[in-house]
Structures are given as structure tokens and as C-alpha cells.
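K.L.:
Sequence:
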Amino acid sequence: MPSGENIRESTLEGLDTASRKGKHGGRPPVITDDMLHTVLRRRANGESVEQIQPDLIIPTGKRKGRNPSVASIYRALAEHAKREAYPEAAEKAPADFAALQAGEVPGPRLLLVTSP
260 MPSGENIRES TLEGLDTASR KGKHGGRPPV ITDDMLHTVL RRRANGESVE
310 QIQPDLIIPT GKRKGRNPSV ASIYRALAEH AKREAYPEAA EKAPADFAAL
360 QAGEVPGPRL LLVTSP
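If you read the sequence shown in the working numbering, its first letter stands for residue 260, the second for the next number, and so on.
If you're looking for bench data, these hints aren't it; they were derived computationally from the structure. Certain hints may be false.
Below, in silico cross-link-like pairs of lysine to any residue (SDA-like), each with a Cα-Cα straight-line distance of 25 Å or less [as the list claims (entries may be wrong)]:
1) Lys-280 x Gly-320
2) Lys-323 x Arg-301
3) Lys-282 x Thr-319
4) Lys-282 x Phe-356
5) Lys-341 x Arg-267
6) Lys-351 x Pro-288
7) Lys-341 x Pro-287
8) Lys-323 x Gln-310
Here are the in silico distance ranges between beta carbons for each label pair [claimed, not checked]:
9) Thr-297 x Ala-358: 29 to 37 Å
10) Gly-281 x Leu-359: 13 to 21 Å
11) Ala-358 x Ile-266: 15 to 23 Å
12) Ala-337 x Asp-293: 14 to 22 Å
13) Ile-266 x Ile-316: 35 to 43 Å
14) Lys-321 x Ala-358: 27 to 35 Å
15) Asp-314 x Lys-282: 16 to 24 Å
16) Glu-350 x Thr-291: 37 to 45 Å
17) Arg-300 x Ala-354: 30 to 38 Å
18) Arg-302 x Gly-362: 39 to 47 Å
19) Phe-356 x Lys-321: 19 to 27 Å
20) Arg-322 x Arg-279: 26 to 34 Å
21) Tyr-333 x Ala-277: 29 to 37 Å
Being a predicted model, the structure only gives us computed values, none of them experimental. Where is the CB? At the ideal position from N, CA and C, for every residue including glycine.
Let's have the full structure, built from the sequences with the hints guiding it.
P.N.:
Now the structure itself:
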């Protein structure tokens with residue numbers, strides 16, 4: 260019978276191999292990139308999320324063919340705003356996650372502060 264440590268190691272190896280191949284598990288996102296771009300464009304034209312929501316259709320998954328919730332749209336908008344505000348964090352996150360899974364602790368990031 261395999262020990263808990265062996266199971267953990269093989270699981271982490273499998274996850275690492277999958278991530279290097281560009282694969283990831285889990286539920287597909289409710290708000291796709293196309294939907295997000297539609298929401299951003301229509302919001303720029305002055306429409307509210309509540310007005311946009313009935314026109315969006317979930318393309319895959321358990322709720323396929325239904326409208327996403329208003330909360331899902333707001334969550335996607337918040338994530339988009341975060342990625343726009345901190346692009347370097349979004350790029351660094353997968354490497355940090357892989358290091359944590361491998362048992363390594365990512366080092367502190369240096370912050371350069373210049374006085375005016």
C-alpha cells in the first residue's frame with residue numbers, strides 16, 4: 260500500500276507535468292474572454308451589468324445555455340481590473356504556485372522606493 264508521502268509526490272509530479280503542458284483541471288470559467296470583452300465594451304457605452312446579463316449565454320459546463328449571474332459578471336470585472344492594475348503579479352502567480360506545490364517558499368520581492 261502506498262504511503263501518504265508517495266501519493267503526495269506522485270500527485271504533485273502529475274500536476275507539474277500537466278501545468279507544463281498548459282493543462283489545468285477544474286470547472287471551466289462561467290465568464291469567457293469573449294463575454295468579458297462584450298461586457299467591457301457595453302459598460303463603456305454606459306450600460307449596466309443588469310442590462311447586459313440577459314444577453315450573455317454560458318457556452319460550456321453544468322449551466323450551459325443559461326445566463327451567468329450578475330455576481331459572476333462583477334467577479335470577472337474585478338479580476339480583470341486586478342490583472343490590468345498588477346500585470347506582473349498575474350505573470351508571476353503560476354511560478355509562485357508551482358514553487359509552493361514543490362515545497363519551496365518563494366523569496367521576498369524587492370520593492371524599490373524612490374523619494375521625490
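K.L.:
Determine for every hint whether it applies to the structure shown.
P.N.:
Hints, verified against the model:
no.	hint	in the structure
1	Lys-280 x Gly-320	holds (22 Å)
2	Lys-323 x Arg-301	holds (22 Å)
3	Lys-282 x Thr-319	holds (17 Å)
4	Lys-282 x Phe-356	holds (15 Å)
5	Lys-341 x Arg-267	violated (32 Å)
6	Lys-351 x Pro-288	holds (21 Å)
7	Lys-341 x Pro-287	holds (20 Å)
8	Lys-323 x Gln-310	holds (20 Å)
9	Thr-297 x Ala-358: 29 to 37 Å	holds (36 Å)
10	Gly-281 x Leu-359: 13 to 21 Å	holds (19 Å)
11	Ala-358 x Ile-266: 15 to 23 Å	holds (21 Å)
12	Ala-337 x Asp-293: 14 to 22 Å	holds (18 Å)
13	Ile-266 x Ile-316: 35 to 43 Å	holds (40 Å)
14	Lys-321 x Ala-358: 27 to 35 Å	holds (33 Å)
15	Asp-314 x Lys-282: 16 to 24 Å	violated (31 Å)
16	Glu-350 x Thr-291: 37 to 45 Å	violated (21 Å)
17	Arg-300 x Ala-354: 30 to 38 Å	holds (32 Å)
18	Arg-302 x Gly-362: 39 to 47 Å	holds (43 Å)
19	Phe-356 x Lys-321: 19 to 27 Å	holds (25 Å)
20	Arg-322 x Arg-279: 26 to 34 Å	holds (31 Å)
21	Tyr-333 x Ala-277: 29 to 37 Å	holds (30 Å)
The structure does not agree with the numbered hints 5, 15 and 16 stated previously, though it agrees with the rest.
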